Amino acid sequence: MGTPLLVQNAGEVSLSGTWTLVSLMASDQDPRRALAALGQVQGWNLLGVERLDSAAAVLLWRTWGRRWPERLEISPTLRATLERVADLPPEPPAVRDYRDSLVGRVGRLTLSILRNMLGLVELYGRLVLDLFFLCRHPRDIPWKEFSANLYKAGAQALPVSALVGFLIGITISYLSALQLKTYGADLFIVNILGISIIRELGPVLVAVLVAGRSGSAMTAQIGVMRVTEEIDALSTLGVSRTIRVVLPKVAALTVAMPLLVVWSSASALLGGALAAFWQLDFSFNYFFSMLPKAVPIANLWIGLAKGAVFGFLIALLACQFGLHVRPNTESLSMRTTASVVTAITLVIIVDAVFAIFTRNLGMPS
Amino acid sequence: MQMPVIDMQGIWSQYREVVIHKDLSFQVQPGEVVSLVGGSGSGKTTLLREILGLLRPTRGSVRLFGTDLHDPDPIRQRDIRRRLGMLFQQGALFSALSVYDNIAFPLRELRFLDEDWIRELVLLKLAMVELEPKHAALMPAELSGGMIKRVALARALALEPELLLLDEPTAGLDPVRSQNFVQLIKELQRAIGFTVVLVTHDIDTIYGLGSDVAVLAEQRILIQGSLDQVVALDHPVIHQFFENHRNRSAA
Ligand SMILES: Nc1ncnc2c1ncn2[C@@H]1O[C@H](COP(=O)(O)OP(=O)(O)OP(=O)(O)O)[C@@H](O)[C@H]1O
Ligand SMILES: [Mg+2]
Chain A
1 MGTPLLVQNA GEVSLSGTWT LVSLMASDQD PRRALAALGQ VQGWNLLGVE
51 RLDSAAAVLL WRTWGRRWPE RLEISPTLRA TLERVADLPP EPPAVRDYRD
101 SLVGRVGRLT LSILRNMLGL VELYGRLVLD LFFLCRHPRD IPWKEFSANL
151 YKAGAQALPV SALVGFLIGI TISYLSALQL KTYGADLFIV NILGISIIRE
201 LGPVLVAVLV AGRSGSAMTA QIGVMRVTEE IDALSTLGVS RTIRVVLPKV
251 AALTVAMPLL VVWSSASALL GGALAAFWQL DFSFNYFFSM LPKAVPIANL
301 WIGLAKGAVF GFLIALLACQ FGLHVRPNTE SLSMRTTASV VTAITLVIIV
351 DAVFAIFTRN LGMPS
Chain B
1001 MQMPVIDMQG IWSQYREVVI HKDLSFQVQP GEVVSLVGGS GSGKTTLLRE
1051 ILGLLRPTRG SVRLFGTDLH DPDPIRQRDI RRRLGMLFQQ GALFSALSVY
1101 DNIAFPLREL RFLDEDWIRE LVLLKLAMVE LEPKHAALMP AELSGGMIKR
1151 VALARALALE PELLLLDEPT AGLDPVRSQN FVQLIKELQR AIGFTVVLVT
1201 HDIDTIYGLG SDVAVLAEQR ILIQGSLDQV VALDHPVIHQ FFENHRNRSA
1251 A
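Going down the list, the sequences are from chains A and B. Each residue of the first sequence is one higher than the one before, starting from 1 at the first, in this note's numbering. Each residue of the second sequence is one higher than the one before, starting from 1001 at the first, in this note's numbering.
Derived from the structure by calculation, the hints contain no laboratory data. Please note that a few of the clues may not be correct.
Unchecked claim - Ranges between beta-carbon positions, derived for each pair:
1) Y1015(B) to G238(A): 31 to 37 Å
2) R96(A) to Q1027(B): 38 to 44 Å
3) W64(A) to P1072(B): 40 to 46 Å
4) N1180(B) to V121(A): 49 to 55 Å
5) I1075(B) to T337(A): 32 to 38 Å
6) V41(A) to I1075(B): 33 to 39 Å
7) M290(A) to R1016(B): 39 to 45 Å
What the hints assert, rightly or not - Here's a subset of chain A near chain B, in silico, CB distances under 10 Å, partners left out:
8) A57
9) T77
10) V227
Since this is a predicted model, take the numbers as computed values, not measurements. For each residue, glycine too, the CB sits at the ideal point set by N, CA and C.
Based on the sequences and whatever the hints tell you, model everything.
Following this line, the structure appears as structure tokens:
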């Protein structure tokens, strides 16, 4: 690899060797500084230059003050390279500003929230219309996609939801038992665990888990389909994207969530019973025969209903966020994050609403 | 004898059981421009990926500039990669960056050039691929198919690397732009003497470049030589590929 050489001789500067980005970077004495340090120059001789790339040409052009020097000896090939620099349009390239002012950000955020709410309503309406359509054309019901989603979002979530439920059950039971023992109110462990897990913890826990697991996956999948124009290809083939893509996901999660809630609550109760056995010497038999008396059956229905509503919301949000991904990686990651965060927040809000409207139901008299 | 820029010997590649290359050898000397031709699915892109080190052949050795590509030292790896430029078949632009930042990316990675210098170089590359300064702010998703190709070419040219690999650079360009592309490569080649390997299905490009041709068929390099030498070979693949070319010269 050659090096850039510069010789000043009585007002004439001769360049020779290799003038390329690589050789400039590798050169020991910085040619940039040498060029800048030149004083009065009468003429330039570039005949000895073997190679001249654009980066070096730009450097020379800048040294010359953006015009041709009066005396210049140069081969036609190198002149062509320099001419390309000389012929550049004077206007600077348009620059994209990635930043955003505070006002702009707040405004855009508000608008995007409104747009998303509108989009949700629109998507919901679309799904209802699709349901009517499917009632009349049952052959178009996407059974395969439905069962695939049921498997992915439901069956494959069984191990992790059982594990999480079990551990939470043990923890709550253990901590409650410590407190109850000091008051001698051991018996109430069944009430505390039963109501809190079946009615509240089970559904919310599973919702958070599913939002992180399936919600993000759905948004990412639909988002990538948008980025790679697969969604457009589907529409072109006359396949409704809501029927084929959105509906199976929403339906599957609405069905799978209540089942997961029961499963996870059951394993939490098992964990709770185990801890009660260790701490309070409750036999399993006693624990589970007390359970129906301490926890009215309405709590189970509330838990199931919550599961279905949460599942519906998570899937609907995930699809809505996925369908509006803009075709770049940044938007994809932002939307996936937003989908999970919004889903969890919304689940907690809806849970509070549930608590208010069901306050008279399922409490032991 | 100079050291070849690309030296591939006894390359076997396969995707699972499917063998793509079988005992393939391929050499390119410094300053050569080689057009790699072959049917669709014959493994041209795969070959380029192996030259880049993105893919490791099952057997055989790949040497670039006389050094083994799979050097364990990350600094040496980076230095070799900086001497290469690649235009991917699908563009592979960074979708989260604007056109300007896509082209400036390799320049900034050097940590050597100041922003003014970079800006002028980006302008220059844009002009080389016939894009206007106002296009610099667009995002890749806002570009047409041919524009994506040209921005990707500008990014591949950003460092004016010693070895340029181009995967179908003229696919999706209009004929005039294809001609200008050929002109550009020839001019750059004269000025900096880089080595170019380009995959193409476009006879006019090969003809315009006046370059050597390597034919990939039967899972190996069937022949590598000047256009006349290649056309003279009696082989069905070559008949098929250069048929139109012959008809036209006959007419
Ligand atoms: N990631 C992969 N996994 C499995 N097979 C692959 C993969 N990539 C390519 N192939 C197979 O390898 C073969 C060669 O592919 P390659 O992309 O190299 O073809 P090509 O010569 O570039 O074709 P084209 O001119 O259409 O671009 C094809 O048959 C393709 O199916
Ligand atoms: Mg290819």
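> What are the numbers of the hints that this structure violates, sorted from low to high?
Replying inline: Number 7 - this is the single hint that the structure violates.
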